[in-house]
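My request is simple: use the sequences and hints to build the entire structure.
There are 4 protein chains.
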Amino acid sequence: MPVGDGASGQQGVALFQTTILVRFGDLDAAGIAYYPRLVNFLHVAFEDFFAGHVGKTYPQIFREGLGFPSVKIEIEFLSPVHYGDHVNVSLAVEKVGRSSVHMRYEASVLGKPVFKARQVAVVVDMKTFKSVRLPNWLRERFLAASA
Amino acid sequence: MPVGDGASGQQGVALFQTTILVRFGDLDAAGIAYYPRLVNFLHVAFEDFFAGHVGKTYPQIFREGLGFPSVKIEIEFLSPVHYGDHVNVSLAVEKVGRSSVHMRYEASVLGKPVFKARQVAVVVDMKTFKSVRLPNWLRERFLAASA
Amino acid sequence: MPVGDGASGQQGVALFQTTILVRFGDLDAAGIAYYPRLVNFLHVAFEDFFAGHVGKTYPQIFREGLGFPSVKIEIEFLSPVHYGDHVNVSLAVEKVGRSSVHMRYEASVLGKPVFKARQVAVVVDMKTFKSVRLPNWLRERFLAASA
Amino acid sequence: MPVGDGASGQQGVALFQTTILVRFGDLDAAGIAYYPRLVNFLHVAFEDFFAGHVGKTYPQIFREGLGFPSVKIEIEFLSPVHYGDHVNVSLAVEKVGRSSVHMRYEASVLGKPVFKARQVAVVVDMKTFKSVRLPNWLRERFLAASA
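First to last, the sequence lines map onto chains A, B, C and D. For the first sequence, the numbering used here gives the first residue as 1, with consecutive numbering after it. For the second sequence, the numbering used here gives the first residue as 1, with consecutive numbering after it. For the third sequence, the numbering used here gives the first residue as 1, with consecutive numbering after it. For the fourth sequence, the numbering used here gives the first residue as 1, with consecutive numbering after it.
No false leads were slipped in.
Below are the DSS-like pairs computed for lysine-lysine, each with C-alpha atoms no more than 27 Å apart in a straight line:
id	chain 1	residue 1	chain 2	residue 2
1	B	Lys-127	D	Lys-112
2	B	Lys-95	D	Lys-116
3	D	Lys-56	A	Lys-112
4	D	Lys-116	D	Lys-56
5	D	Lys-130	B	Lys-116
6	D	Lys-72	B	Lys-116
7	A	Lys-116	C	Lys-72
8	B	Lys-72	D	Lys-72
9	C	Lys-112	A	Lys-127
No lab work stands behind these hints, which were simulated from the structure alone. A quick note: this is a predicted structure, and the numbers were derived from the prediction, not measured.
So this is what it looks like as structure tokens:
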């Protein structure tokens, strides 16, 4: 499913891309994807980014005790997302801090933009929920998706 | 919210009752409650049962290390549940084992049955996920909802 | 449940307030509320705002053919939200356009801020999904929550 | 994703099979898949069954006005489902009525059974929500998955 194509996107930014199929359970009573479910798509894309780009799955990293709770999300809904849509989500790393990462997401269906988002996540030890330094090998993988 | 009325229901069974408001996020594209969300209502009612009948909230019990994972659920959907419905859910304990509980749920909207379910849950230590004996004080509270 | 207290909040802004109980189904594997579920809390608060302040429930308005899809959300997660927390959410209307509304949410648990958000929603005819003018009576109710 | 292998399963029943990846958003506070999310997996498998076996996607059929609301589900949770598990779900049609279908699901992770379920769905016109006769071409596709 994850397609870590490494292709250069707009602005010279290397983008990780994945595709998420809109399921019946993602829909609301208006017959379009319910926006909290699209926020969940950000996490799905983040998980695919680990599998397809980082090289270690998020479940593995989570079991090893590292977590990336969100501290900020900005999301713009540009066009309704429908049942059965294959949503192409690109993820670019905008900034890598000592213990935080800034991501930008752009989602489209058949080339038409449907939502875009920015997210700031912090790196925490899942045992203590305290902020920890992003391990070097991970920093390198994040940076490799940022330029 | 929880209404532990202790009133006798049909068949002489004392029922715990609670009311759950159907939210936009519970709906599917057909404009009715999505059935996995109604299965979630069973857990909501179970939580209200602790707050309203057992006398200790489920969050407290969970934090103390006890969990009640489901091992079996049978659910019949009798009539569609709509947006804004106040779903009255009654919970009766059918059987209390050494480390399991059997519950029966009956849900209605304005007196009209909408779904009914039976559930078997086991009692586990959340640290080890191993089956443990239901503590006596809890057994008494469950039994008090069973006849 | 909804508490439309009409009390003046900080900065002289009249706030609508409601309380949302964190359910087991809102939690993630870290034992805290999963952030897309907190985004869902915005909608829950918006629904309570209709019931408690607008004077007509959202389900009624939705059935009459009016919808308020989100076009933009900014949310900051300030502190983890835990199982059993009673999250106090205040909603203030920041701006009322011809066919859009801007809302600000502030959420706290026992006085401690847990998240805050801004949301822009547009007013649409649910049949055509086209933007429509906010009805006057609704505009007045929104404005009454904005100063 | 869907793997309609047509291979004979146990008891000579031809099974449709698909694989569902357990996402972070499927987990509960115990770190395992929350059971209403596993009930949602039944619908996901049902959707994949249309794409992979029926030959017309469920979104298409839904847009054409046909729906399959559940009237009964029995589900047994045999073993916890964990983050990152690839859940293999097989779907066999047990019975095809005039306007109903009976399905059996068996789910496993790396060969270990994790849940099994039976489901009865009725065929309805999504406009009227009235029961309608299952179209012949669909009946044939369902029957082809039943023996």
